[in-house]
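Peer 1: Chains as they are written, first to last, in our numbering: chain A, 1 to 673; chain B, 1 to 290.
It is worth saying that the hints were derived from the structure and are not from the lab. Treat the hints with caution; some may be incorrect.
Derived coverage of chain A by chain B (criterion: at least 3 residues anywhere in the stretch with Cβ under 8 Å from a Cβ of chain B; other residues may be distant) [as the list claims (entries may be wrong)]:
| hint | segment |
| --- | --- |
| 1 | 422-434 |
| 2 | 440-452 |
Mimicking DMTMM-like on lysine to aspartate or glutamate, the simulated pairs with C-alpha atoms at most 25 Å apart in a straight line are [to be verified]:
| hint | chain 1 | residue 1 | chain 2 | residue 2 |
| --- | --- | --- | --- | --- |
| 3 | A | K408 | B | E182 |
| 4 | B | K190 | A | E379 |
| 5 | A | K475 | B | E194 |
| 6 | A | K451 | A | E485 |
| 7 | A | K371 | A | D349 |
| 8 | A | K245 | A | E158 |
| 9 | A | K460 | B | E187 |
| 10 | B | K190 | A | E364 |
| 11 | A | K451 | B | D60 |
Now the stretches of chain B that chain A is said to cover, found in silico as 3 or more residues with beta-carbon under 8 Å [stated by the list, open to error]:
| hint | segment |
| --- | --- |
| 12 | 173-187 |
| 13 | 195-208 |
Glycine included, C-beta positions come from ideal geometry on N, C-alpha and C.
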Amino acid sequence: MSSQIINPTLSVRGLEVAYRVRGHEHTVLRDLSFDIGHGESFGLVGESGCGKSTAAMAIVRHLANNARIRQGEILLDGENLLEMSKARLQSIRAETISMVYQEPGRALNPSMRIERQITEVYELMGLSAGDARDAGAEMLRRVQILNPDRVFNAYPHELSGGMQQRVIIAMALATNPSLLILDEPTTALDATVGAEVLDIVEELRRQMGTSVLLISHNLALVSQMCDRVGILYAGLLVDQGESGKVFSIPRHPYTAALIACIPDGKTAKDGKPLASISGTLPKLGEALVGCPYSDRCPLADDRCRVEEPPSVTLEGRTFRCFHYEQAPTISQDTDLITDGQRGNVIDYDAPAVLTVMKASKTFEVGAATFKAIDDISLEIWSGETLGIVGESGSGKSTLGRVIMGLIKPDPGSRIEHNPPQETGPTHRTRSAPQMVFQNPDASLNRRHRVKYILGRSIKKLGGRNAVPMPDAIRKLASDFSLGAEQLEKRPLRLSGGQKQRVAIARSFAGDPALVVCDEPTSALDVSVQASVLNLFMKLQAENDVAYMFISHDLGVVRYVSDRIAVMYLGKIVDMGQADEVLAGPHHPYTEVLLSAVPTLDGPQPTRIRMAEMPAASHRPAAGCPFQTRCPRKIGAIRETDTPPFQPVSANHRIRCHLAAADLPRAGPDRTRT
Amino acid sequence: MNATDDMTETKADVGGGASDLLRQIGQSKLAVFGAFILLFWVICAAFGYLVVPYDPLALDPLRSFAPPSAEHFFGTDALGRDVFSRIIVGSREIFLVAPIATLLGVVMGTMVGLIMGYFRGPIDAVLGRLMDAVISLPTVVVALVALAALGPSKITIVLVVGFVFLPYVARTIRTAVLHERELEYIEAAKIRGENALYIMTVEILPNVFSLVVVEATVRLGYAIFAVTTLSFIGFGIQPPSPDWGLAIFEGYGFLAAGFWWPTLFPALAIASLVVSVNLLADGIAETRGE
């Protein structure tokens, strides 16, 4: 056990939690021990189902009814939370521990103005109504809400997600708690907004000396935010220590594999393939013999399979692995095997598979109208990936749906597929464009068996070929590593990665010339994401398919894309060869986006702040769409004239009034290969 | 999905099989109780005539209005017929007419609901106003008009009750379809060129089917009530067939004279049947786990 911390704020000792399901107890956390010192931030990282949220809920004693703490202790300032009276627990929750959840919209009461919700916290502490209001306003200023009165008068739905989360953080810190628990605080927010929220938390932690427990699936974010981290796998803390060291010298093969499977913004598709972790997480409650990671571990030997490695503390690191010395130098597996070279040769002289000319789509919201996409022109060639980057509201999903014929564009827009395609309920050709959606739980019919889902697509897209249907289904399934066992199941019974593979297999039932991928890995865990991305790359190398790859994750987009287009409020503001877009010169918005991405290694670029995203009704009517938030705004011209595209190189165009020479360029720490 | 979700999702995950449904209903004691009462009445309707102590049609004018006794458990009515035997056998017509009427209403309502929810826009608006108009008419008035025009028959009752139930079912299904149509599996179907009929019946219907089942059981309770009401006002089953609604009609005139048994026992029979169906409906609704 790591016990260097003297007088920790929170000390979890040997915690074991089990859930009771249908009469059986399933252990989800085992022998969990960690300390958080005064003013320290500790990150708990792991994939879905590893027990990280359970740990948070156990600490605030808010576990589900069927959960039971079997053993262990949770000491808060030396007092055991598990042996506390109800009344004492209540006052601890009110004053000493605060918690911030993933979705800010659900943590606020929708029918109460913000003022009431904040002042209530202070009134409970015994302040008079007037004092409570002043204290609330002061707290809002500390979370960098410049105009507290405006926010006071608003209802939660009138605030953006970032503002809501700031209000919640203000409320959480109102009592000056000694421990703040953040459970995936930025997962529901855009990268730039999330980055700002975390900066605020970081600043307040320094000022107020609050201890922070940050729970996240995002390694880069944790490495940047936290002094120390713990990696959870199947309910066991497998690797723990100072965050810089954990990520640079992993002491558990799982840590090493996690780091290797994240596209870090330097990995491109013609370079090294992403590492992937073979196998799957052990099912919850499965009887585990030996190391829970032994099935997936390249270092596992007979001893690992029968004997569970004990928790060992060495030089400030606590880990559970017999082969910890080899962990940092493991050669990582990859499931990406292609014949021939990786990265396609793209023939830019051939006709493009997709040509979009001056496409716009206007939506009417009540009496007002707004352009979800505005004057978009682009081309995609066979074998090429065009990455589309932008935050929520940028119109990237609308663009994908317009291209697929699901949304009818405004008159005057031209969408041309090559070979030409019909849309609407009709017979499809084998080359018909296809789409892979973000969430396989929504894009696969939960009442249909995998067999039917694939068979139907083969029937509609495969044309009438000689192969009998059951064979065709089996062939398609096995191409996507789905066995006969999975064919008989409904999507609910599949793992996240299997579900998305079914969705991708369905798109390749024919022989599509273009596949629009709308955030296809955003709902997946990092290890699953890596193998899905590798699958996309393998399919492209084999079939010369073109992708339009929509994502908010710049690392993912860098890995898959040949060219990148950055969208802001319905317009493409920056478009060009992937490496040129990322290396600069940048559009000011691209620069902000890049500065918001946390990285695992190297110094963090200085964060560039920008104003709040305007509401749809307050979008600029004329001029540059980014004018209201641009950190580099040059003057009145932005408000009247829409900037034209200016070429900054042969393959890179930017929509900005700034002269090419004045455009920002990535600093040396962000230079990409 | 975190560990907590994994452990609590089992409730929402009804595998869809009939055995699963039965197992889930079995967990609610009230639903099981309701199922037993319902089963009792179904057996009575099917085989009751084999076990009744008296011929339900046999008149015995000498023994009219005999109070409940060991000989006649529930007494006899104005014509001296055995009330107990008539109740046991009297559920027959209800079990014939009410489920068919319910089925008709639920099938048509589901179709209309699918169309309204899927197409939305003007189709939804027009059909929606029509549904509102039907709902605003009292069931009994519609039934009286139809029965007067078409003549009293079982088919007329089935058509009338089915027609009156249609809009309620349609409204419920429409709401569920509005939610489903926003899910991406609909877009995925459109992308592979499916037509509206396929999307409504093969893609959406299985996902709202559990709601259809709930709606059917709830409506069955109302249908039993409606059918007995129509018998009571003389437009249902015709004398001398034994029927609960008719029995109440024939008996309630004599209540003031102190002869309560020919009215009370059929009324209790109706109540027990309606309550049992509703208990079962609640049990099925709970298994949807939403």
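Peer 1: With a cut-off of 8 Å between beta carbons, are at least three residues of the segment 422-434 of chain A near chain B?
Peer 2: Contact hint for the segment 422-434 of chain A vs chain B: holds, 8 residues under 8 Å.
Peer 1: Taking a Cβ-to-Cβ distance below 8 Å as contact, does the segment 195-208 of chain B have at least three residues touching chain A?
Peer 2: This one holds; 5 residues, not fewer than the three required, reach chain A with a Cβ under 8 Å.
Peer 1: Between the alpha carbons of A:K245 and A:E158, is the straight-line distance 25 Å or under?
Peer 2: violated (43 Å)
Peer 1: Can the segment 440-452 of chain A be counted as covered by chain B under the rule of three residues or more with Cβ-Cβ separation shorter than 8 Å?
Peer 2: It holds: at least three residues are needed, and the segment 440-452 of chain A offers 7 whose Cβ sits within less than 8 Å of chain B.
Peer 1: Between the alpha carbons of A:K371 and A:D349, is the straight-line distance 25 Å or under?
Peer 2: It is violated: about 33 Å lies between the C-alpha atoms, which goes past 25 Å.
Peer 1: Can you confirm whether the C-alpha distance between A:K475 and B:E194 stays at or below 25 Å?
Peer 2: holds (23 Å)
Peer 1: Can the restraint linking A:K451 and B:D60 be considered satisfied, given a maximum Cα separation of 25 Å?
Peer 2: violated (67 Å)
Peer 1: Take a quick look at whether B:K190 and A:E379 sit within 25 Å of each other, Cα to Cα.
Peer 2: holds (24 Å)
Peer 1: Straight-line Cα separation of B:K190 and A:E364 no greater than 25 Å?
Peer 2: This hinted pair holds, its Cα atoms lying about 23 Å apart.
Peer 1: Cut-off 8 Å, C-beta pairs, minimum 3 residues; does the coverage of the segment 173-187 of chain B by chain A stand?
Peer 2: Per the Cβ count (4), the hint holds.
Peer 1: Under the criterion that the straight-line Cα-Cα distance not exceed 25 Å, is the pair A:K408, B:E182 satisfied?
Peer 2: Within the cut-off at roughly 17 Å; holds.
Peer 1: When you check the alpha-carbon spacing of A:K451 and A:E485, does it fall within 25 Å?
Peer 2: Satisfied, since the Cα-Cα distance of roughly 10 Å is no more than 25 Å.
Hint violations for this structure: numbers 7, 8 and 11, all remaining hints satisfied.
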